[in-house]
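Chemist: Sequence:
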Amino acid sequence: MRFSFAVLGLLMAGCTTARPSPAPAPTPGQQPRPSPTAGGAAPAATPGDTTGGGQRSQGEARPRPYAQVITPRAQSRQGLFTVHRIGDRLLFEIPAKELNKDMLLVGRYARAAAADPSLPGGGFGAYGGDQFGERTLRFERNGNRVIVRSPQFDITADTTLAVWNAVQASNYPPIIAVLNVETFGPGDAPVVDVTRLFTTSVPEIAAIRGQIDPTRSYIERAVAFPANVEIEATQTGTPTPATGGGAPTPAGGAPRPAQSVLAHWSLVKLPEQPMMPRPFDERVGFFSIRQVDFGTEEHRSATRRYITKYRLECSDRREGNLCYPKKPITYYVDPATPEWLKPWVRAAILEWQPAFEAAGFKDGI
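Those letters in the sequence shown? Residues 1 to 365, per UniProt numbering, in order.
If you're looking for bench data, these hints aren't it; they were derived computationally from the structure.
Watch out, some of these pointers could steer you wrong.
[Stated by the list, open to error] The calculated DMTMM-like cross-link candidates involving lysine to aspartate or glutamate, where the alpha carbons are at most 20 Å apart (straight line), are:
| no. | residue 1 | residue 2 |
| --- | --- | --- |
| 1 | LYS309 | GLU134 |
| 2 | LYS326 | GLU313 |
| 3 | LYS327 | ASP363 |
| 4 | LYS309 | GLU351 |
| 5 | LYS101 | GLU204 |
| 6 | LYS327 | GLU313 |
| 7 | LYS326 | GLU272 |
| 8 | LYS269 | GLU230 |
| 9 | LYS269 | GLU98 |
| 10 | LYS269 | GLU134 |
| 11 | LYS309 | ASP363 |
| 12 | LYS362 | ASP316 |
| 13 | LYS101 | ASP188 |
| 14 | LYS101 | GLU134 |
| 15 | LYS309 | GLU282 |
| 16 | LYS327 | GLU272 |
| 17 | LYS97 | GLU140 |
| 18 | LYS101 | GLU140 |
| 19 | LYS309 | ASP281 |
| 20 | LYS269 | ASP363 |
| 21 | LYS362 | GLU351 |
| 22 | LYS327 | ASP316 |
| 23 | LYS327 | GLU357 |
| 24 | LYS101 | GLU230 |
| 25 | LYS97 | ASP363 |
| 26 | LYS326 | ASP316 |
| 27 | LYS362 | GLU313 |
| 28 | LYS326 | GLU282 |
| 29 | LYS309 | GLU272 |
| 30 | LYS362 | GLU319 |
| 31 | LYS269 | GLU204 |
| 32 | LYS101 | ASP154 |
Quick caveat: nothing in here was measured; it's all calculated off a predicted structure.
Assemble the whole structure, with the sequences as input and the hints as a guide.
Modeler: See the structure below:
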């Protein structure tokens, strides 16, 4: 192990962009109780979870009978997870087959507060539809707790090489939350209370970059589908100024006003078969992501760049030399678009069809 760390240390010396990623979970320990938050006293702890860097005492995980937790009051929807709404609480019932799998969480503002020029740094400054977050999540069961991790993939190596062990040892995925199992559903599916993930200051998930007041934040809705779960919540808090660092209130000045947003998260199941990556070529203007590869024969850590692209694949259906895609690229015109503009927006989108035909796809859009 000492040798593997030494090897990775030498490789990292030639790299300045590497950041960490996955591994198993430890048994979480007891956490101290919080002091009251800016918006009032800290909410009373439920027999549930620890989020936001372990800000709350978990207590011992003591699952109860299913009927005592999922009562007749529960509004339940089945899908990727079964989601239960019980009063103000949101619970996920996670099928055992979906544990330890990477999922994509994307956050967007359904409604937001635009920038206020009178505030330091311009205030919050976002618009409905803007994306505020994207990360990989993984739910892992650890006894009577579920650990929510966020794996990173910034550094890698061929899994058949010895250096892969050193990469894994330096790539431990951070824990976003530790959730007590409230009960177990059919098939040993853990049921956890995820309310605080979406109503408190969990920096990896929150829509407001600042202190969120849980007394003014709440779940609006949650809907489950076969491949995704959609969650909406109102979050209220005092945002950190755009200039960063939390500009102090001038002497005699009013404290920074709170702002509210309606945040929407999509938790999406990733395909069983990963998409083939395509290397970036700077002669073509694609957006790209970076990854540092420690498993090369170049005696250095090599930075790779891959383009971000749609998964456009041929189906068995053909028309001449062209194939119809299994899943065409679909664009949705914003309902806020003026009626007179909609035909022109549609025409502009369809201008790309000939380019897809040149690439071999019929009705690529």
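Chemist: Decide, hint by hint, whether the structure agrees.
Modeler: Cross-check of the supplied hints:
no.: 1; hint: LYS309 - GLU134; in the structure: holds (16 Å)
no.: 2; hint: LYS326 - GLU313; in the structure: holds (6 Å)
no.: 3; hint: LYS327 - ASP363; in the structure: holds (10 Å)
no.: 4; hint: LYS309 - GLU351; in the structure: holds (19 Å)
no.: 5; hint: LYS101 - GLU204; in the structure: holds (18 Å)
no.: 6; hint: LYS327 - GLU313; in the structure: holds (7 Å)
no.: 7; hint: LYS326 - GLU272; in the structure: holds (16 Å)
no.: 8; hint: LYS269 - GLU230; in the structure: holds (12 Å)
no.: 9; hint: LYS269 - GLU98; in the structure: holds (9 Å)
no.: 10; hint: LYS269 - GLU134; in the structure: holds (14 Å)
no.: 11; hint: LYS309 - ASP363; in the structure: holds (17 Å)
no.: 12; hint: LYS362 - ASP316; in the structure: holds (12 Å)
no.: 13; hint: LYS101 - ASP188; in the structure: holds (17 Å)
no.: 14; hint: LYS101 - GLU134; in the structure: holds (16 Å)
no.: 15; hint: LYS309 - GLU282; in the structure: holds (15 Å)
no.: 16; hint: LYS327 - GLU272; in the structure: holds (16 Å)
no.: 17; hint: LYS97 - GLU140; in the structure: holds (11 Å)
no.: 18; hint: LYS101 - GLU140; in the structure: holds (8 Å)
no.: 19; hint: LYS309 - ASP281; in the structure: holds (13 Å)
no.: 20; hint: LYS269 - ASP363; in the structure: violated (26 Å)
no.: 21; hint: LYS362 - GLU351; in the structure: holds (13 Å)
no.: 22; hint: LYS327 - ASP316; in the structure: holds (12 Å)
no.: 23; hint: LYS327 - GLU357; in the structure: holds (15 Å)
no.: 24; hint: LYS101 - GLU230; in the structure: holds (18 Å)
no.: 25; hint: LYS97 - ASP363; in the structure: violated (36 Å)
no.: 26; hint: LYS326 - ASP316; in the structure: holds (8 Å)
no.: 27; hint: LYS362 - GLU313; in the structure: holds (11 Å)
no.: 28; hint: LYS326 - GLU282; in the structure: violated (29 Å)
no.: 29; hint: LYS309 - GLU272; in the structure: holds (18 Å)
no.: 30; hint: LYS362 - GLU319; in the structure: holds (7 Å)
no.: 31; hint: LYS269 - GLU204; in the structure: holds (19 Å)
no.: 32; hint: LYS101 - ASP154; in the structure: holds (18 Å)
Comparing the model with each numbered hint stated earlier shows that hints 20, 25 and 28 do not hold.
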